[in-house]
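Those protein sequences? They're chains E and Z, same order as listed.
For the first sequence, the numbering used here begins at 465 and goes up steadily by one.
For the second sequence, the numbering used here begins at 451 and goes up steadily by one.
Read the hints as simulated data drawn from the structure, not as lab findings.
Nothing here was measured: the structure is a model prediction, and the numbers come from that model.
Positions of the beta carbon are idealized from the N, C-alpha and C atoms, including for glycine.
Be a bit skeptical, because a hint or two may be false.
[As the list claims (entries may be wrong)] Once the Cα atoms are required to be at most 25 Å apart in a straight line, the calculated PhoX-like pairs of lysine-lysine come out as:
#, chain 1, residue 1, chain 2, residue 2
1, E, 615, Z, 548
2, Z, 552, E, 645
3, E, 645, Z, 459
4, E, 615, Z, 552
5, Z, 607, Z, 482
6, E, 645, Z, 607
7, Z, 570, Z, 548
8, Z, 584, Z, 570
9, E, 652, Z, 607
10, Z, 607, E, 555
11, Z, 570, Z, 482
12, Z, 459, E, 555
13, Z, 570, Z, 593
14, Z, 570, E, 560
15, Z, 607, Z, 584
16, Z, 607, Z, 548
17, E, 560, Z, 482
[What the hints assert, rightly or not] On the chain E side, residues computed to face chain Z include the following (Cβ under 10 Å):
#, residue
18, 496
19, 525
20, 644
[Said to hold, decoys possible] Output of the computed footprint for chain E on chain Z, the stretches with three or more beta carbons under 8 Å from beta carbons of chain E:
#, region
21, 463–477
22, 575–583
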Amino acid sequence: MIYLLRADLACGHIGLNKINNHMGEAMGVEPAEDFRSQAKLRARGHLFEDFTEGEVFHHHWGRTITETDNTLFSTLTLSFNPQYYNREYAKAHGHKDTVVNPLFVFNVVLGLSVEDLSEIGGPFLGVFDLTYHQPVYPGDTITARSTTLEKRVSNSNPNNGIVTWHTEGFNQNGERVIDYKRTNLCRKRNSEKLVP
Amino acid sequence: MTLPPDMQKLTGNDSYFEDFEEGQVIRHARGKTIENLENVLFTNLTMNTAQGHFNEHAMAGTPFGQRLSYGGCNFSVVMGLASQDTCENAIAELGMDKIRLKNPVFHGDTVYAYSQVLEKKDAARDDAGEVRFKHWGVNQDDKVVFEGERRVLIKRKSHWLEG
Chain E
465 MIYLLRADLA
475 CGHIGLNKIN
485 NHMGEAMGVE
495 PAEDFRSQAK
505 LRARGHLFED
515 FTEGEVFHHH
525 WGRTITETDN
535 TLFSTLTLSF
545 NPQYYNREYA
555 KAHGHKDTVV
565 NPLFVFNVVL
575 GLSVEDLSEI
585 GGPFLGVFDL
595 TYHQPVYPGD
605 TITARSTTLE
615 KRVSNSNPNN
625 GIVTWHTEGF
635 NQNGERVIDY
645 KRTNLCRKRN
655 SEKLVP
Chain Z
451 MTLPPDMQKL
461 TGNDSYFEDF
471 EEGQVIRHAR
481 GKTIENLENV
491 LFTNLTMNTA
501 QGHFNEHAMA
511 GTPFGQRLSY
521 GGCNFSVVMG
531 LASQDTCENA
541 IAELGMDKIR
551 LKNPVFHGDT
561 VYAYSQVLEK
571 KDAARDDAGE
581 VRFKHWGVNQ
591 DDKVVFEGER
601 RVLIKRKSHW
611 LEG
């Protein structure tokens, strides 16, 4: 029995190798001898020069918020309002389900915006004029959009810029659930990196 | 609207709109140490792609020398630490303003929360009022890491504890 199993495995390996070699020849792909030296960085993120006042970013991915997200975030941050994790309590306040912690909604919308706005530029300095427009419930899908409001060179360090965006989050019905303004330090090209 | 009596017992009875006084400053009872569980989890869970929050190796080569905790994580924890005393009986969060991240937070740092009641006012509905708080987050070395304002719609005892 053991011999039989080994024989099966051996056949399986030989079979796979043959298939791989065959595919390689057919597609004309030579394996990279030194894949590191051949690899080109597919860079992500934007720097100061990339931003134009008035430009709109439709951020990637979107995110359906689950009950697990909400309970995990609310309990780990010690957000002790029962509407976030006690469905019966939330319903007694006129909601159809538990209410998603608004701070979680904020963090999801900000998270979706990071690659376009702030992934490589520098740290986030502040958030202003944030309004929660309506509740978000588990199962709602959030998408995000930002507009560049202002860019300027930092007075204290001319290697850096300061950029302010207006970011908005929407639910699956296109209703705006949150909006805020955010300001970040934003590195200029060829200046010293603050973050990787 | 009133809640069934059993449900009224789920939250404290000293954090209704009537209980807050303008100018009052609260030091909240609990602190929290920020680690992977907070920073890396919240950063990745919200698909924040800035690897300075989750790539220790890349950060070793920067002046910080280690991962930086994501600012949204830091102030979410601070606002959470303040929540039982300030918005346990809130109907809704209305907004935030003047959020400033004043010092970095690293894994292993502990944050504590303080709040001040800046303003109380009537709301559009008569069973609740609006309170504007200022919150501060302070680390284990007494450095302010965060400050910001938050507007909350809070139940009035007079309406919600009847019946």
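Would you pick out the hints that fail for this structure and give their numbers low to high? Violated: hints 3, 5, 6, 9, 11, 13, 14, 16, 17, 18, 21, 22.
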